[in-house]
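Asker: Next come the chains, spelled out residue by residue.
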Amino acid sequence: MDSTSTRVPAELERRMDEAIGHYPPDEKRSAALPLLHLWQEHFDFINDDAVTWIAAKLGLQPINILELVTFYPMLREKCAGKMHIRVCRTLSCAMAGSYQVMENFCAATGIQRKTAGDGIHAPISVSADGNLSIEFVECLASCGTAPVCMVNDKLHENVDPNSVVDLSENRESRIVNRPEPHPLEHRIIFKNIGRKNWKTDIKTYLDDGGYDDLRKAIKMSRTDIVNEVKTSGLRGRGGAGFPCGVKWSFIKPDEKKPVYLICNADESEPGTFKDRYIIHEDPHQLLEGIAISCFALRARTAYIYIRGEFPEGAKILERAIEEAHEHNFLGRNILGSGFDVDVYIHRGAGAYICGEETGLIESLEGKRAYPRIKPPYFPAVLGLYMCPTIVNNVETLCAVKHIIAMGGAKYAQLGRPNNTGTRIVCVSGDVERPGYFEIEVGKVTMGQLIYEMAGGIKWGRRLKAVIPGGSSAKVLRADERFKLKQKQPDGSTIEADLSIDELPMDFDSLAAAGSMAGSGGVIVLDDSRDMVWVLNNINEFYAHESCGQCTPCREGSLWMKKITERMLDGGGVTEDPRTLKTIGDNIAGRTICAFGEACAWPTQSFVEKFPEEFARHARKSIPPPLPPEYTPEELTERDHIPTSPLARDPGWEKAGADAVI
Amino acid sequence: MAEEKSNAHSMFNVQVDGVWHQFPKGTRVIEACAQAGVYVPRYCYHKKLSSPGNCRMCLIEMGMPRMGPDRKPELGADGKPIINWMARPQICCAQDVAEGMGVRTNSPLVEECRKGVMEFLLINHPLDCPICDQAGECELQEFSVEYGAAGSRFLENKVKKPKAVQLGPRVTLDDERCILCSRCVRFCNEIAKDDVLGFVDRGSHTVLTAHPGTRLENNYSLNTVDLCPVGALTSTDFRFKMRVWFLKETKSICTSCATGCNTLIGTREDIVYRQTPRENDDVNSCWMCDYGRLNFKYLEAENRILEPKIFDGEELTSIDWKSAIGHAALQLRQFSGWNIAIIASGRMTNEELWLTRKIADLLGVRYIDIVPRFGEGDDILLSKHRNPNATGARLILGLDEGPGAKLSAIAQAVRSGEIRVLLALGENPLNLGISAEQLTNMSAFVAMDILSNAANEHATVLLPASGFAEKRGSMINGKGRLQRLNRAVRPPGNARDDWEILRDLLQALGGSNGIYMIEDVFRQMSAEIPPFADLTLSKIGDLGVHVMKVDESPRPPTEPKAKDIEQAEKSRPTGR
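Taken in sequence, the protein lines are chains Z and A. The first sequence begins at 14 in the numbering used here and counts up one residue at a time. The second sequence begins at 191 in the numbering used here and counts up one residue at a time.
If you're looking for bench data, these hints aren't it; they were derived computationally from the structure. Mixed in with the good hints there might be a few duds.
Unchecked claim - In silico BS3-like cross-links for lysine-lysine, where the CA-CA straight-line distance does not exceed 25 Å: (1) A:K348 to Z:K594; (2) Z:K270 to Z:K471; (3) A:K353 to A:K237; (4) A:K237 to Z:K387; (5) Z:K212 to Z:K167; (6) Z:K387 to A:K215; (7) Z:K91 to A:K353; (8) A:K383 to Z:K41; (9) Z:K91 to A:K350; (10) Z:K387 to A:K238; (11) A:K383 to Z:K380; (12) Z:K243 to Z:K265; (13) Z:K127 to A:K348; (14) A:K350 to Z:K127; (15) Z:K380 to A:K238; (16) Z:K387 to A:K305; (17) Z:K328 to Z:K380; (18) Z:K594 to A:K305; (19) Z:K380 to A:K215; (20) Z:K270 to Z:K260; (21) A:K348 to Z:K633; (22) Z:K229 to Z:K216; (23) Z:K70 to A:K383.
As the list claims (entries may be wrong) - So the derived label-pair ranges between C-beta atoms look like this: (24) A:G731 to Z:F263: 45 to 51 Å; (25) A:Q225 to Z:K265: 31 to 37 Å; (26) Z:P37 to A:D318: 44 to 50 Å; (27) Z:A422 to A:K348: 27 to 33 Å; (28) Z:R629 to A:K348: 24 to 30 Å; (29) Z:K265 to A:G216: 20 to 26 Å; (30) A:M432 to Z:A628: 33 to 39 Å; (31) A:E336 to Z:A628: 30 to 36 Å.
The structure displayed is predicted, hence computed values, not measured ones. We treat Cβ as the ideally placed atom computed from N, Cα and C, and that holds for glycine.
Working from the sequences, and respecting the hints, build out all of it.
Answerer: What follows is the structure, encoded as C-alpha cells:
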C-alpha cells in the first residue's frame with residue numbers, strides 16, 4: 014500500500030475502516046463506493062493512487078475500482094473547482110431554463126464551457142483560476158422546484174436563469190417554502206412535510222406519537238404483520254407497482270440464510286421527487302417503517318441505498334439512525350423484543366440504473382450496477398450476497414408504518430380496489446403550482462390534479478400532453494380519448510370513454526390508458542413545447558443512464574438520442590420517425606431489466622402520438638444508400654438472379670438466344 | 191432398477207419447435223436446443239463460463255404447461271401438455287429445462303429479435319472485415335448471413351473507442367470491434383483467476399480494458415482470443431499473419447507438458463501459424479496455456495537439422511539416409527551391453543520409445559534412461575512435469591527406478607570410459623554432466639535431434655528428426671490418458687519422422703522386420719504392453735483413451751536437484 018504517492022491521513026483511514034464495518038467481513042467489496050466517496054470528499058477527485066490504494070485496502074484488483082470510478086458520474090477523475098455546481102439538465106429543469114442557467118453562468122463567470130466529454134458523461138468545465146466549476150447532471154429529483162442546481166452539497170431551488178451569479182456567492186441551500194396541503198389531498202405519509210415547527214429530530218417525532226407503531230408491531234406475530242400488509246393491498250411505490258405483501262411472502266419463515274431489507278432511496282426517475290422530502294423532513298417515519306419491516310421479515314440488517322445526489326439527506330438519515338439507536342428503536346434487542354436490527358446508509362453516485370432492484374444490489378455489492386438476469390436472480394431468493402433480499406421503495410416502507418397503525422383492512426378502504434391507499438403524486442413542468450400532492454389512489458383525476466391542485470397550465474397556455482408516471486411512462490396526448498373498463502358498485506363493468514382530464518390517477522386506469530402510474534411523477538407539457546425537443550431531452554437522459562450491459566438498450570438508447578438530436582439540428586430525414594419507432598420496438602421487452610422499456614416507451618409513444626411534429630422535423634430526404642445488387646434472399650434463391658449475357662463474348666452474341674453451348 | 195427409476199425421474203419432457211424431446215435435469219435450454227438439432231445463435235454465452243445473459247442474441251419464445259384447476263398440466267388432443275407461451279421473448283442461455291417446457295426457436299418473433307440485436311451490434315461496429323483477423327471465423331459475420339440487413343439505417347457518427355491496445359504481451363485489443371459480451375472478463379476471473387480485465391465508462395461508450403498499471407499477461411491470456419466471438423481480441427503473434435480460411439486444421443495434442451492439451455494446429459503449406467485448444471473435458475476443457483500454444487516456433491528455427499550427416503574425420507558432412515543409417519548401425523554394433531548408453535526422451539512418442547526399447551534389447555543395453563524435465567506448474571493446466579510422455583517412457587522402457595534415475599550413473603560411466611557408444615535421442619548429453627571432450631572421445635556418438643546444438647555437432651552420425659507437428663504417434667499424459675499426435679506439416683528438408691528413423695536403424699541392426707506403417711508399431715505394442723491391449727492407433731480416437739491410473743505407473747518420477755531442473759530447462763527448444 015506504500016506504493017502510492019498520496020498519503021492517506023489517519024482520520025480518513027479510520028472513517029474508511031468504519032465504513033468497511035458496515036458490511037459483512039467477507040463482503041468488503043461493498044465498501045468500494047463509500048471509500049471512493051470519502052476519498053473524493055477529502056482529495057476532491059479520484060486519481061490512480063486512489064484506485065490502487067482502495068483496491069489494496071479492500072483486497073481487490075485495481076480494475077475493480079476503476080470500473081466503478083468510470084461508471085458512476087459523481088466520481089470524478091479530474092479536479093473540480095473549489096465551488097462545484099451541478100446543474101440539472103433533465104426534462105422539468107430543462108423546460109424551466111436550466112440550459113440558460115448553464116450558459117448564463119459560464120458567460121458571467123468567464124468559464125470556458127466544454128460541450129463534450131471523453132465518454133458518455135457530461136464534461137466538467139473549470140474556471141481559469143480553478144475556483145469554480147460547473148457541469149450538467151441528470152435529474153436531481155427536485156423537479157417541482159425547477160430549475161435546480163447543487164452548489165457543492167447544497168441544493169438551490171427555483172434558480173433564476175437570469176440572475177445566476179449569486180449561485181457562486183451563496184453557499185447555503187436555497188429551499189423554497191412549501192404550500193399548505195390542498196383540500197383534495199389525503200395526507201398520511203406526508204403529514205409532517207412542510208408542517209410548521211416540524212423538525213427532523215427524534216424528540217419532535219416522538220412528541221407526535223412516533224415509534225408507537227413499532228411498539229405495536231413487535232407485539233404482533235411476524236405472519237400477522239405480513240398478512241396485514243397483504244390485506245392492505247399496498248402496491249410498490251417505486252414504479253412497477255408490485256404488491257408489497259406478495260413480495261414479502263416470498264421470504265420463507267424458516268429461512269436459514271440471513272435476510273436483508275434494502276430501502277430503495279435512489280429516487281431518480283425524472284419527474285419524481287417524493288422520497289427526497291420524506292428523507293429530508295421526516296427521516297424517523299422511514300426508519301420506523303424499516304424497523305417494522307425488518308422485524309416482519311426477520312431481516313437483521315437493512316441498507317438504505319440513497320442516491321449520491323442527496324448528501325444532506327444521507328447526513329440527516331445518519332443522525333436519525335444514531336438517535337433511533339439511542340432510544341433502542343434500532344440496534345440490539347430493540348424495545349426488549351429480542352430482535353436485533355442494524356440500519357446502514359449506502360450512498361450511490363449518480364446512476365439511475367441503481368433504482369432497478371438488482372442493479373441496486375450489484376451496486377451495493379461494490380460492482381457496476383448491472384442488473385441481474387431473472388431467473389435465476391430473484392432478489393427474494395438470490396439477492397444481496399446471494400441471500401434472500403427484499404427491496405422496497407421509501408414511500409412503500411413508510412406506508413407499512415401506517416398500515417400497522419390503522420390495520421390493513423382500513424388502509425385498503427383508502428383509494429380504489431386493487432389500487433389502495435394513498436400515494437404521493439409529483440407534478441412538474443408547465444403548471445402554475447408544481448409540487449407534491451398526497452392523494453388517495455384513484456380518487457383524484459388527472460384534470461383535478463393539473464387544474465385544481467397544481468393551479469392549471471402556466472401563463473394561461475393550453476395542455477398539450479402529460480407524462481403521467483415519470484419520464485419513462487408513455488406520453489398521453491391532451492386530446493386523446495381513453496376507453497376504460499370500469500367496475501360499477503353493483504359489480505357490473507361498463508366501458509367508459511374518458512378524456513385525459515377524467516382519467517383517475519391510479520395504477521390500473523393509467524395502465525388501461527396505455528401508460529403507467531410508475532413512480533408518480535407527472536410531467537405536464539403545454540402547447541408551446543416541441544415534442545421532438547422533449548423527446549430528445551428524455552432520450553439524452555436514457556442514453557446517459559443505460560448501464561451498457563445488454564445490447565439493445567446500450568446501442569438503441571444512444572442511437573435514438575442521436576436521431577432526435579439530428580432532427581432538432583435540422584438534419585431530420587423522412588425515414589427518421591419510422592426508424593425511431595422500430596428501434597424502440599427492438600429494445601422494449603428484449604433486455605435484462607425494465608430499463609429497456611423505460612428508454613423505449615417515450616420514443617414509441619411520442620412518435621406514435623405526435624406524428625405531425627416528427628414529420629415536420631423530418632423533411633429532408635437523403636439519397637438512400639445504394640441498394641445492394643441482390644438481397645440476401647435473392648442470392649440464396651438463384652432463380653431470382655437474372656442472368657445477363659457475357660459482355661465480351663462475341664461468340665455468344667453471334668450464336669443468338671437458341672445457342673446451346 | 192433403482193437407477194432406472196431415478197433416471198426416469200430426472201428426465202424432462204421439453205418441446206422444441208413442436209417436437210417433444212427428453213433432456214436430463216440441469217440441461218441449459220440453449221444446450222437442449224443444440225441436442226435437438228437447433229443451434230441458437232449466441233455471443234455472450236459460453237458453456238464453460240457463467241451466464242450473464244447480456245448479448246440478447248439467444249432470445250427465443252418459451253412457455254410452460256398450462257395448469258388445470260387440479261394443479262396438473264392440461265393435456266391437448268395429442269396427449270401432450272398445452273403450453274402457455276410467454277408474451278415476451280426469453281433468453282435460453284441462463285435457464286435450465288423444466289418439465290413440460292416449450293421452446294420456439296424459429297418463430298417470426300424470434301427472427302425479429304435476432305435481426306434487431308444484429309442491427310444494434312453492428313451500428314457502432316467499424317465493419318472493417320477486410321482487414322480483420324477474425325474474418326472467416328467471426329460470429330458477427332456468421333449470424334449476419336442469417337439475420338443481418340443488406341444495408342444500414344444508421345446515419346449517425348459511430349462511437350470512437352481505442353484501437354490496437356496492447357492489453358498484454360500477447361493480446362491486442364480493438365475496442366471498436368468489441369461487442370461487450372464479457373466472455374474474456376469472465377474467463378480471466380473464473381478460469382484464469384486473474385481478474386485483470388473489466389469495463390470502464392458506461393452505456394454505448396463502455397470500453398473493455400485493463401487497469402493501466404496491470405497487464406493481461408497470465409499464462410492463459412490467449413484463451414481470451416479464442417473466446418472472443420468477434421475481432422476485438424487478437425493474438426499479437428498470429429495477427430495479420432494469415433487469413434484463417436486458408437488454414438488447414440489438424441487435430442493433435444500439445445507436447446509442452448504432461449497435461450497434453452488437445453489442440454488444433456493451423457497450418458498452410460507446411461508452415462504452422464497457430465495452435466488453438468480443442469475441447470476435451472477429460473483433459474483441458476476448452477483451454478490451453480500460452481506457453482504451450484506458442485511453443486512451435488522452433489519448428490522453423492535457423493538451426494533446424496535438415497540433412498542426415500556423418501563425421502568424416504574432419505567435419506560433419508551431409509549424406510543420404512541409407513548411408514547414415516548404415517553408419518549408425520555399424521558404429522552401434524561395435525559394442526554391446528554395458529558399453530552402450532541410450533539417452534531417450536520423455537518427448538518421444540510411444541511408438542518411438544517402443545522401437546528404442548527394441549534397439550536396446552537387441553544390443554543388450556542396460557544404460558537407458560530419459561531426461562526428466564521440470565518447470566513451474568499451476569493449478570489450471572500447466573503441469574510441473576514438462577515431458578509430455580514421461581508416463582509412456584516409464585511404461586515402455588521399464589524405467590523401474592523412475593525417469594532420470596540412471597542419468598548420473600551414465601555420466602559417471604562415460605567419464606570412466608566404460609561407455610564407448612552413446613545414442614542420444616532428442617536430448618543433449620552436455621546437460622547431463624557429460625563434457626564435449628568426453629563426447630569427442632567416444633567411439634561413437636549417434637544423435638537424433640531436431641535442432642543442432644553444442645553436443646550434436648560432435649556426433650559421429652546426426653539424424654534429423656521431426657517436431658511434434660510433423661509426426662504421428664501416441665503419448666500418455668501425466669494422468670494416464672493415451673492420446674494421438676497427428677501430422678500437420680511435413681518435416682523440412684530431409685528430416686524424417688522419428689519412428690521411421692528408429693525402425694530403419696532397428697532393421698539395419700538386424701532387428702525385427704515387418705514394420706511398414708506406424709500402425710504396425712502400435713499393433714506390436716498392444717500385444718505386449720497390457721495397458722495397450724485391444725487398442726489400435728485409430729481406436730484411440732480424437733479425444734484419447736484413459737489407459738492407466740497414474741499410481742499404477744511403475745514409479746513416480748524422481749524429483750531432480752535444482753541444478754538438473756535448470757539444465758533441463760535450458761535444453762528446452764525455443765527457437766525464439
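Asker: All hints, please: hold or fail.
Answerer: Now for the hints, and whether the structure bears them out:
Note on A:K348 and Z:K594: the hinted pairing holds, with a Cα-Cα distance of about 20 Å set against a maximum of 25 Å. With a C-alpha separation of about 54 Å, the suggested pair Z:K270 and Z:K471 falls outside the 25 Å cut-off, and the hint is violated. Taken as a hint, the A:K353 and A:K237 pair is broken in the structure, with Cα atoms around 29 Å apart against an allowance of 25 Å. Taking the CA atoms of A:K237 and Z:K387, the gap is near 19 Å; set against the 25 Å cutoff, the hint holds.
A distance of roughly 19 Å separates the Cα atoms of Z:K212 and Z:K167; the hinted pair therefore holds under the 25 Å criterion. Of the supplied pair hints, the one linking Z:K387 and A:K215 holds, its CA atoms being roughly 19 Å apart against a limit of 25 Å. Restraint check: the Cα-Cα separation between Z:K91 and A:K353 comes to about 24 Å, which is no more than 25 Å; the hinted pair holds. The suggested pairing of A:K383 with Z:K41 holds, with an alpha-carbon distance near 19 Å, which does not exceed 25 Å.
For the hint linking Z:K91 to A:K350, the alpha-carbon distance of about 21 Å falls within 25 Å, and the restraint holds. A threshold of 25 Å between alpha carbons decides the hint, and for Z:K387 with A:K238 the separation of about 20 Å falls inside it, so the pair holds. For the hint linking A:K383 to Z:K380, the alpha-carbon distance of about 18 Å falls within 25 Å, and the restraint holds. Between Z:K243 and Z:K265 the alpha-carbon distance is near 15 Å, which keeps this suggested pair within the 25 Å criterion.
As the CA atoms of Z:K127 and A:K348 are separated by approximately 21 Å, the hinted pair is consistent with the 25 Å bound. Straight-line distance between C-alpha atoms of A:K350 and Z:K127 comes to about 18 Å, which keeps the hinted pair within the 25 Å bound. A hinted pair counts as satisfied when its Cα atoms are at most 25 Å apart, and Z:K380 with A:K238 qualifies at roughly 23 Å. Of the pairs offered as hints, the one joining Z:K387 and A:K305 holds, with about 23 Å between alpha carbons and a cut-off of 25 Å not exceeded.
Restraint check for Z:K328 and Z:K380: the C-alpha separation of about 24 Å stays at or below 25 Å, so the hint holds. With a C-alpha separation of about 15 Å, the suggested pair Z:K594 and A:K305 falls inside the 25 Å cut-off, and the hint holds. Between the alpha carbons of Z:K380 and A:K215 the distance comes to roughly 32 Å, so the proposed pair goes past 25 Å and is violated. Distance hint between Z:K270 and Z:K260 is fulfilled; the C-alpha atoms sit about 17 Å from each other, no more than 25 Å.
Pair hint A:K348 plus Z:K633 holds up; C-alpha atoms about 21 Å apart against a cutoff of 25 Å. Simply put, Z:K229 and Z:K216 have alpha-carbon atoms about 19 Å apart, close enough for the 25 Å limit, and the pair holds. This hinted pair checks out: Z:K70 and A:K383 have alpha carbons roughly 19 Å apart, not beyond 25 Å. As the Cβ distance of A:G731 to Z:F263 is approximately 50 Å, the hint placing it in 45 to 51 Å holds.
For A:Q225 paired with Z:K265, a C-beta distance near 35 Å keeps the hint of 31 to 37 Å intact. A C-beta distance of roughly 47 Å is found between Z:P37 and A:D318, which places it inside the suggested range of 44 to 50 Å. Checking the proposed 27 to 33 Å range against Z:A422 and A:K348 shows it is violated: the Cβ atoms sit about 59 Å from each other. Hint check: Z:R629 to A:K348, Cβ distance near 28 Å, so the stated range 24 to 30 Å holds.
For Z:K265 paired with A:G216, a C-beta distance near 23 Å keeps the hint of 20 to 26 Å intact. For the pair A:M432 and Z:A628, the beta carbons lie near 52 Å from each other, so the given range of 33 to 39 Å is not met. Between A:E336 and Z:A628 the C-beta distance comes to about 34 Å, which sits within the given range of 30 to 36 Å.
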